[in-house]
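Protein chains: 2
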Amino acid sequence: MPLSGFRVVDLTRVVAGPFCTMLLADLGAEVIKIEPPGEGDPIRAQGAIRNGISWYYAGHNRNKKSLALDLYQAEGKAVLADLIARSDVLVENYRPGVLAKMGFDEARLKALNPGLVVASVNGYGSTGPYAERPAFDFIAQAMSGFMSVNGFADGPPLRAANPISDLVAGLYAALGVAAALANRTKGGGGQRLETSLLTGMISLLSYIGAAHLATGKLPARTGNAHHVVAPYGLFRAADGEIAVAPSYDEIVERFLGAIGLKHLLDDPLYADNAARLANRASLNALVDEAIGRKSREDWIGILNKAGVPCGRVLNLAEMFADPQVQAQEMVLAVPHPGHDVVRMTGFPIKFEGTPCRIRRHAPALGEHTGEVLRLLGRDEAEIARLKAKGIV
Amino acid sequence: MPLSGFRVVDLTRVVAGPFCTMLLADLGAEVIKIEPPGEGDPIRAQGAIRNGISWYYAGHNRNKKSLALDLYQAEGKAVLADLIARSDVLVENYRPGVLAKMGFDEARLKALNPGLVVASVNGYGSTGPYAERPAFDFIAQAMSGFMSVNGFADGPPLRAANPISDLVAGLYAALGVAAALANRTKGGGGQRLETSLLTGMISLLSYIGAAHLATGKLPARTGNAHHVVAPYGLFRAADGEIAVAPSYDEIVERFLGAIGLKHLLDDPLYADNAARLANRASLNALVDEAIGRKSREDWIGILNKAGVPCGRVLNLAEMFADPQVQAQEMVLAVPHPGHDVVRMTGFPIKFEGTPCRIRRHAPALGEHTGEVLRLLGRDEAEIARLKAKGIV
Chain A
946 MPLSGFRVVD
956 LTRVVAGPFC
966 TMLLADLGAE
976 VIKIEPPGEG
986 DPIRAQGAIR
996 NGISWYYAGH
1006 NRNKKSLALD
1016 LYQAEGKAVL
1026 ADLIARSDVL
1036 VENYRPGVLA
1046 KMGFDEARLK
1056 ALNPGLVVAS
1066 VNGYGSTGPY
1076 AERPAFDFIA
1086 QAMSGFMSVN
1096 GFADGPPLRA
1106 ANPISDLVAG
1116 LYAALGVAAA
1126 LANRTKGGGG
1136 QRLETSLLTG
1146 MISLLSYIGA
1156 AHLATGKLPA
1166 RTGNAHHVVA
1176 PYGLFRAADG
1186 EIAVAPSYDE
1196 IVERFLGAIG
1206 LKHLLDDPLY
1216 ADNAARLANR
1226 ASLNALVDEA
1236 IGRKSREDWI
1246 GILNKAGVPC
1256 GRVLNLAEMF
1266 ADPQVQAQEM
1276 VLAVPHPGHD
1286 VVRMTGFPIK
1296 FEGTPCRIRR
1306 HAPALGEHTG
1316 EVLRLLGRDE
1326 AEIARLKAKG
1336 IV
Chain B
946 MPLSGFRVVD
956 LTRVVAGPFC
966 TMLLADLGAE
976 VIKIEPPGEG
986 DPIRAQGAIR
996 NGISWYYAGH
1006 NRNKKSLALD
1016 LYQAEGKAVL
1026 ADLIARSDVL
1036 VENYRPGVLA
1046 KMGFDEARLK
1056 ALNPGLVVAS
1066 VNGYGSTGPY
1076 AERPAFDFIA
1086 QAMSGFMSVN
1096 GFADGPPLRA
1106 ANPISDLVAG
1116 LYAALGVAAA
1126 LANRTKGGGG
1136 QRLETSLLTG
1146 MISLLSYIGA
1156 AHLATGKLPA
1166 RTGNAHHVVA
1176 PYGLFRAADG
1186 EIAVAPSYDE
1196 IVERFLGAIG
1206 LKHLLDDPLY
1216 ADNAARLANR
1226 ASLNALVDEA
1236 IGRKSREDWI
1246 GILNKAGVPC
1256 GRVLNLAEMF
1266 ADPQVQAQEM
1276 VLAVPHPGHD
1286 VVRMTGFPIK
1296 FEGTPCRIRR
1306 HAPALGEHTG
1316 EVLRLLGRDE
1326 AEIARLKAKG
1336 IV
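Line by line, the protein sequences give chains A and B. First residue of the first sequence: 946, per the numbering used here; consecutive thereafter. First residue of the second sequence: 946, per the numbering used here; consecutive thereafter.
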C-alpha cells in the first residue's frame, strides 16, 4: 500500500485529527492511536451504538492500533518519547501549545527524531489573535464565510450538517503528511506542518471567493439555484424532484431539446443566459410543467443520454442502496470480534496497484499496548509493572 | 518544497482536476497544464473578470505552466507522449475512457513511462452503471446523500453553494498522488489511481452516515441546530447573531454560567441534555434573551475566555478582513504582468521547513509552450513549424 512502512504516532481525538490518521491508515501507514487508559477517545461513547460499539468510532478509527498511555505521568511520557524515536510521523490536534507544555516542544521532538514529520490540526492556526480559542466545526463554518453563502435568499446563513470543516482539515493534514513523506524519502528531513478548520474552509471558496475579491460584492444566497446560470436546480418530475445542472449554453440547448422546450431559445424571454436569469421564475415553471409529464427514472435516463448532468436527490438509505454506490464499494461490512459486523463508508481513492483495504477493525482501547511496548524493548515484567501502575 | 522535483502533466479543466493540480503545484511540483490552442481552459472566460483576467481562473491555476497543444492532431499527441515519458505524474479529469480513446490507454502509458502515477478525477468512478454519465458538482451533492441532510426541517434538501464535491475530489486526488509518490520514491512503481465527486462526498458523511447505517433511520434536517446537543446554534446578541457550539455537558455548564443562566441546570426542564433537547425552543428563547444584553464582540470575548467555542457568522468581506484570516495569510495579492494584481485565497497547509508560496502567477495560454518543447528536445525551427501548423 502507498504508505506502508511508515509509522504514525496518533495523538488525536474526536473528529479532525482521527479523520487524518484514518486516511493515513487506509493508505497503509501503521497508525498507533494513543488514548488515556480507562476512558480513551471520547467518541468511543458517542454516535449511534449498535451491538455494544459506536459505529462512528469504528468508522473513523479503522485500520489503527490502540496504545493506552497516561501522558500525565513521567513514565507515560517516556514511552511516548521512545515511540516517537521509532516513528516517521506524529499527528496531534491539541490546542496550539499544549504538546509543548506536555514536554514535547519542537527542540525535544527534533532531538528525539530529526526525521519526524509533525502534523498539527487546530481550529484557527497556531499564530494570530485567535490561536488560543477553543475550536469547533460549526464555528469554523461560521467564521470562514462558508455559511454566509449557503441557504435561501429569504433565510439565514446555514451550516452544512456534517462536520465538513473537521473533515477538510483532516484531509489537508493527510495531504501535508504524504507530501512531507515524499519529500523526506527523496532526501529532505523531517519537518512540522499544520492546518486548521478555518483556513481549510476558506481555501474552498473557489469562484465565490474569487468573485468577491474581484468585485467587492457580497454574493446573495440562492438556495439550490445557480448564481449565474438558468435553468438549473431541482425540478418536479411526476414522482418527485430531480436535480439538473446544465452549466453552459450547449447543455442548456440539449436539456430544453430533451424536454420538448427547444423553441424557448427562439423566444427573446429565454434566448440567452442573461434573459433566462432575468426570467428564471417563468422559465422554471415551464420546465417544471414539462418535467412533470414523466417519472424521475425516465428523465434521468433521457437526460443523461442527452449529455445533461442530472440525478435524484437521494436520502441516505437510497444512496447506500444505489447500484453505483454499491459498485464503487462505498459501504463496507467489517467483521468486528465481539460486536458482529460494523458497516461504514468505503474508500474514495481507488488505487489500481495498491488498493486501500480494511486490514483491521477499529481497536479496543489498549488492544495493542503489549505489542507496542514490546516493539519499544519493554519486557513482560516491565509491561506488567506499567499496567499495575495505570500508566498503560 | 515538499513536491519539488516532480513533474506533473496536467490534462484537466474546469474545477475538480485543476484544483488537484493547483494543490500539487502549491506543494512544489512542476505542473504543466495542457490546453487547446486558441481557446484554453474554459474557465479562463468564466467567473469575475477584473483588469482583463478571470480571478477564478487565476486562483485555481497559480503556480502552473501552460503548454498549448492540439491533442486532436497526431503531432500534438507525439508531443504529449514525449512529455509523459519525462514526467512523474499525469492528472486528467476526462470522462472515463476518453484518454484511452485519444490513444493513451493503460498499456501505452506504461510503455511510455513505467514509473508514471496516473490520477483520474471523474464524476462517479470509472466502473459501475453510471460511469459514463456526465457529471457536475450539484448532481454529486444530490446523489451522495449530502443534500438530504442539509437545510431546515420544513424546507427542501439543500446544496452547499461552493462546488464542494469538485474540491473534495481534487483534494483526494492530490492526496492519492502524494501517497503514490511517497511509495514510488521508496521503491514502488508507477500506478493508476482515481477518485470521484460522488465517492468523495460519501466519504464525508461521518457520524451522520454511521448513525444511519447503525439504526436504519433517516436523519431529519435540523438547520443550524445540532442533531443531539442543545443549546447550540445561532443566538441573537444586541447587534446581531453569534454561533455557539457547546458540544458536551462541561461546556454547556461553562456557557450557561457565562451568560448568567447556570440555575437552569437545576431546573428539571433543562437539567440534562435529553431534557434540553426536548425543551429546545424554550431554552433557546431564554438563551437569546440573555445573549441579547451584550454585543457580539463582548460575548465572543467572554465565551472564548470561558472555553466555549463561539464566533460571528462572517460574510466574505468581514472574513477576508478578519485579523486571524490576515494573520494566517489567507488572502494573497499576486502581481500579474499586464493585469495589475490578482487577489486569491492562501495556503491552508503551513509547512515550517518548506512553506508553500507563489512561484508564478497563473499562466497565459501557451506561455510555456517554447520552454516545454525545448525541454523535449525540439529546436527553434521545429517549434516554429508546430506553431505554424496550429499544433502548439
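Derived by calculation from the structure, the hints in this document are not laboratory data. Only a predicted model underlies this, so the values are computations on that prediction, with no experimental measurement involved. A few of these clues could be false.
The list treats identical chains as one, so a pair stands whether inside a single copy or across any two.
Stated by the list, open to error - Dumping the calculated DSBU-like pairs for lysine-lysine here, alpha-carbon to alpha-carbon at most 35 Å: (1) LYS1131 - LYS1055; (2) LYS1131 - LYS1022; (3) LYS1250 - LYS1332; (4) LYS1131 - LYS1162; (5) LYS1022 - LYS1334; (6) LYS1055 - LYS1239; (7) LYS1055 - LYS1334; (8) LYS1250 - LYS1239; (9) LYS1046 - LYS1332; (10) LYS1334 - LYS1131; (11) LYS1022 - LYS1250; (12) LYS1332 - LYS1055; (13) LYS1055 - LYS1022; (14) LYS1162 - LYS1332; (15) LYS1162 - LYS1334; (16) LYS1207 - LYS1239; (17) LYS1131 - LYS1239; (18) LYS1334 - LYS1239; (19) LYS1046 - LYS1022; (20) LYS1046 - LYS1162; (21) LYS1131 - LYS1250; (22) LYS1332 - LYS1022; (23) LYS1207 - LYS1334; (24) LYS1332 - LYS1207; (25) LYS1022 - LYS1162.
Hints, verified against the model:
no.: 1; hint: LYS1131 - LYS1055; in the structure: both (19 Å within a copy, 23 Å between copies)
no.: 2; hint: LYS1131 - LYS1022; in the structure: both (31 Å within a copy, 31 Å between copies)
no.: 3; hint: LYS1250 - LYS1332; in the structure: neither (64 Å within a copy, 37 Å between copies)
no.: 4; hint: LYS1131 - LYS1162; in the structure: neither (45 Å within a copy, 49 Å between copies)
no.: 5; hint: LYS1022 - LYS1334; in the structure: within (14 Å within a copy, 68 Å between copies)
no.: 6; hint: LYS1055 - LYS1239; in the structure: neither (66 Å within a copy, 47 Å between copies)
no.: 7; hint: LYS1055 - LYS1334; in the structure: within (29 Å within a copy, 57 Å between copies)
no.: 8; hint: LYS1250 - LYS1239; in the structure: within (16 Å within a copy, 58 Å between copies)
no.: 9; hint: LYS1046 - LYS1332; in the structure: within (25 Å within a copy, 62 Å between copies)
no.: 10; hint: LYS1334 - LYS1131; in the structure: neither (43 Å within a copy, 41 Å between copies)
no.: 11; hint: LYS1022 - LYS1250; in the structure: between (62 Å within a copy, 29 Å between copies)
no.: 12; hint: LYS1332 - LYS1055; in the structure: within (29 Å within a copy, 53 Å between copies)
no.: 13; hint: LYS1055 - LYS1022; in the structure: within (16 Å within a copy, 49 Å between copies)
no.: 14; hint: LYS1162 - LYS1332; in the structure: neither (61 Å within a copy, 41 Å between copies)
no.: 15; hint: LYS1162 - LYS1334; in the structure: neither (62 Å within a copy, 44 Å between copies)
no.: 16; hint: LYS1207 - LYS1239; in the structure: within (17 Å within a copy, 57 Å between copies)
no.: 17; hint: LYS1131 - LYS1239; in the structure: neither (58 Å within a copy, 56 Å between copies)
no.: 18; hint: LYS1334 - LYS1239; in the structure: neither (70 Å within a copy, 50 Å between copies)
no.: 19; hint: LYS1046 - LYS1022; in the structure: within (12 Å within a copy, 58 Å between copies)
no.: 20; hint: LYS1046 - LYS1162; in the structure: neither (44 Å within a copy, 44 Å between copies)
no.: 21; hint: LYS1131 - LYS1250; in the structure: neither (47 Å within a copy, 45 Å between copies)
no.: 22; hint: LYS1332 - LYS1022; in the structure: within (15 Å within a copy, 65 Å between copies)
no.: 23; hint: LYS1207 - LYS1334; in the structure: neither (78 Å within a copy, 38 Å between copies)
no.: 24; hint: LYS1332 - LYS1207; in the structure: neither (76 Å within a copy, 40 Å between copies)
no.: 25; hint: LYS1022 - LYS1162; in the structure: neither (52 Å within a copy, 43 Å between copies)
Going down the numbered hints, you'll see the structure goes against 3, 4, 6, 10, 14, 15, 17, 18, 20, 21, 23, 24, 25, while the others check out.
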